[in-house]
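Peer 1: Each chain, written out:
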Amino acid sequence: MEHIRKLGYRRLGLLIGVLALLMIPLGITNPYFMYVINLILIYILLVLGLDLLVGYTGQVSIGHGAFFGIGAYIAAIFSTKLGLSFWLTLPIAILATAIIGFIIGFIGLKLIEEYLVMATLAFGTIIWLVFLNWTDVTGGPMGIALIPPPPEMNFGLFTLSFTQYADYYPLLLFFVIVAIIITKLLINSGFGRSCTAIRDDELAAQSMGIPVFRTKVIMFTISASYCGAAGTLYAHFIHVVSPETFNFTMSVTILTMVMIGGQGSIIGAVLGASLLTIFSEALRAAPELRMLIYGLLIVIMMMFFPRGIMGIISFYRKLIEKRALLKKLKGGKATVDVKKEGLGYE
Amino acid sequence: MLKVQGLNTYYGQVCALEDMNIHVKEREAVSVIGANGAGKSTLLKSIMGEVRPKSGKITLADKTITNARTFRLVNHGMTLVPEGRQVFPYLSVWDNLLLGGYTLGTKERLQMAEEVSEPFPILRDRKNQMAGLLSGGEQQMLAIARAMMVSPKLLLLDEPSMGLSPRLVYEVYEKITELHQRGTTILLVDQNAEMAIDFCDRAYVLMAGRLVGEGTKEELKDTEIVQKSYLG
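As they're listed, the protein sequences go chains V and W.
Anchor point for the first sequence: position 73 equals 84 in this note's numbering, and the numbering is continuous, going up by one each time.
Anchor point for the second sequence: position 225 equals 567 in this note's numbering, and the numbering is continuous, going up by one each time.
Simulated from the structure, these hints should not be mistaken for laboratory data.
Check each hint, because a few of them may be wrong.
[Claimed, not checked] Cross-link-like lysine-lysine pairs, in silico, DSS-like; alpha carbons within 27 Å at most:
no., chain 1, residue 1, chain 2, residue 2
1, W, Lys449, V, Lys195
2, W, Lys517, V, Lys339
3, W, Lys367, W, Lys449
4, V, Lys121, W, Lys396
5, V, Lys121, W, Lys399
6, W, Lys367, W, Lys559
7, W, Lys469, V, Lys333
8, W, Lys405, W, Lys469
9, W, Lys559, W, Lys345
10, W, Lys517, V, Lys195
11, W, Lys396, W, Lys367
12, W, Lys396, W, Lys449
13, W, Lys367, W, Lys345
14, W, Lys367, W, Lys469
15, W, Lys563, W, Lys345
16, W, Lys495, W, Lys469
17, W, Lys469, V, Lys329
[Said to hold, decoys possible] Between beta-carbon pairs, the in silico distance windows are:
no., chain 1, residue 1, chain 2, residue 2, range
18, W, Gly525, V, Met313, 42 to 50 Å
19, W, Leu452, V, Lys333, 48 to 56 Å
20, W, Asp404, V, Arg21, 24 to 32 Å
Idealized CB from N, CA, C, for every residue including glycine.
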C-alpha cells in the first residue's frame, strides 16, 4: 500500500490504463474489431496533429487529408518502388510532409481565417488531383497496392510478424503514446503557451513580442508532420493506397473529430477519433449519408457545444463542484473563500 | 520619447486619421480623448504597427518605427494593453504574466513576474486560477501587469475603463497613476474623458480622425469643446 501511495494514484491509474490497453488484443478475437481499433489509433494521430493547429493555435485547415495522403503515398512509393523498410519510409514521410507543411503554412498563413480555410481546401483538392492523375508515380485511380508490412519485430517473449491485425496494435499504440507525450510537452512549453496566446488574441500576443506569423508556420509544419506519420502507418497497415481515401471528405472527417471531441484537448482528440471512426464504420452501408451527418454535427457542436464533448464534461464537473461548494456554505460546516475556489464568483 | 508626425491612416478609401501630430515626453502621462469612431484606437494601432499608415512618421526615442512589425516593438521598449483587456482566458494568471515576458530569459521572466505582481495582491492570490475567471477589473489589472513584464519605456493603454463599473474604473486608474509615479511614460486613449483628463499631464482631443484640441488638463477643462462634448 505504501508503494502505491508513493507512486501516486494518478500514475497508478495511468499504468493500469496502459496495461489494459496492451491487453486489448488478447480479449478481442474478431479481426474486424481489431481492424477498427487500429484505425482509431491512426485517426487519433491525425486528430492530435490537426488539434495542435485548430485547438491550440486557432487556425482552421481543411487540407489535412492531403498531408495524410502525402505521407501514405510517400510510404507506398518508397517501399514498393525502392524497397525501403517501414523504419525508413516513416522518417522520410514525416520530413516530406513537414517541408510541404512549411511551404503551405508560409503561403497560407499570410491569409486570415476564412481565406486560410479556402487556401487549405484548394491545396487538398490539388493534391487529390495529383494522386488521381499522375499515374506513372501514384498509380492513378488504381492507387498503389502490395505495400509491405513493417519488418518482423522480435521482443524475446513475443514476436510481431504483422500477419494479422492484432500484430499492428502494439506498434500503433506505441506511436499514439509517443504522439500524446510530444503533444503534452509541446502545449505545456513556452512555444505552446504562445500558440494559445495567438489563438486567444493575436494583437495582445504580438504586443508582447510573440512573432505570430513565425509561430503559426512552425505549428502548421508540426501539425502536417503528425499527418505524415499517420499516413505512413496507414499505408503499411492497409497495404494499399488510392486517391478516394484522401479526398475532401477525409479532411472534413478529421476536422469533425476535432470539433466533436473538443478543441484543445488531448482526451477530446482521443474521444473524437474513437466515436467518429466507430460511427463511420456503422455507416458503411450508406457512405453518402456521412457528409450530411458530419455537416450537421459540426453545426450543432458550433452552436451549442463549441468546446465539444470535453466542454460538456467540464461544464458538468464545474456545476457539480459549485453545488457542492454551495451546500457546504449553506450548511455552515466549513468556511470557504469563494474567490479562491476559482469558480467565477464576483 | 514618442513623436507622431503628419500621420495619415486609411481603411480602404476611408480616412481614419488625418495629419496627426502628437508627442509624448519621457515620464509624461498623455491622454487621447474622443468619441466613438474618433480614431483613438486607430492611432494606437498605427503606432503599434497593427495598421499601416499611408504616410507620416513615427519615432520612438529617436528611432523610426513607422511600419515596424508589432512584435518587434517590445524590443524598442513599447508595449500595449489592448482594448477590452484581452487576457488569455484559458491560461492561468501566472502563465499570462509569464507570456508578457516572452522576450526575456527564463530566470529573468520569473523574477519579473514576482516583481510586477507585487502591487497587485489579487493576482498573487489567484495566480493558479484561469484568467477568464477573474472579474473585469482584475482582468484589467492582469493585462496591465502583463504589459509591465518587460519594464517598457512607454506603455500604451487602449480604453482601460471599457466595460468596468465606476468603482473599478477608479481602481484601475489608481494603479495606472501608481505606475506613472514610478517613472513609466504613459500614452492612454479612453472614452471616459473625465478620468483620462484627470489622470494625465497633457491630453489631445480627437474628432473624426482629426486633432481638434491639445493642452494640459487645466487648459483643456476650460475649453468649450471639451466642456460641451465630454465633461457636460
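Peer 1: Hint says 48 to 56 Å; check whether the CB-CB distance for Leu452 (chain W) and Lys333 (chain V) agrees.
Peer 2: Since Leu452 (chain W) and Lys333 (chain V) have Cβ atoms about 33 Å apart, the given range 48 to 56 Å is violated.
Peer 1: For the pair supplied as a hint, Lys121 (chain V) and Lys399 (chain W), confirm whether the alpha-carbon distance does not exceed 27 Å.
Peer 2: holds (26 Å)
Peer 1: Would the pair Lys559 (chain W) and Lys345 (chain W) pass a check requiring their Cα atoms to be no farther apart than 27 Å?
Peer 2: With a Cα-Cα distance of about 20 Å, the restraint between Lys559 (chain W) and Lys345 (chain W) holds, given a limit of 27 Å.
Peer 1: Is the Cα-Cα distance between Lys517 (chain W) and Lys195 (chain V) 27 Å or less?
Peer 2: violated (37 Å)
Peer 1: Within a Cα-Cα threshold of 27 Å, do Lys367 (chain W) and Lys449 (chain W) meet the stated pairing?
Peer 2: violated (32 Å)
Peer 1: Starting from Lys469 (chain W), check that the Cα of Lys333 (chain V) is at most 27 Å away, please.
Peer 2: holds (20 Å)
Peer 1: Given the hint that Lys469 (chain W) pairs with Lys329 (chain V), test it: the Cα-Cα distance must not exceed 27 Å.
Peer 2: holds (19 Å)
Peer 1: Is the hinted pair Lys121 (chain V) and Lys396 (chain W) satisfied, with a Cα-Cα distance of at most 27 Å?
Peer 2: holds (21 Å)
Peer 1: What's the verdict on Lys367 (chain W) and Lys559 (chain W), does the C-alpha distance respect the 27 Å limit or exceed it?
Peer 2: holds (16 Å)
Peer 1: Does the beta carbon distance between Asp404 (chain W) and Arg21 (chain V) stay inside 24 to 32 Å, or does it fall outside?
Peer 2: Given range 24 to 32 Å: violated, Cβ gap about 56 Å.
Peer 1: Does Lys469 (chain W) lie within 27 Å of Lys495 (chain W) when you go C-alpha to C-alpha?
Peer 2: holds (26 Å)
Peer 1: Taking the Cβ atom of Gly525 (chain W) and the Cβ atom of Met313 (chain V), is their distance within the range 42 to 50 Å?
Peer 2: Roughly 48 Å apart at Cβ, these two residues keep to the hinted range, so it holds.
When held up to the earlier numbered hints, the structure conflicts with 2, 3, 8, 10, 12, 14, 19 and 20 and fits the remainder.
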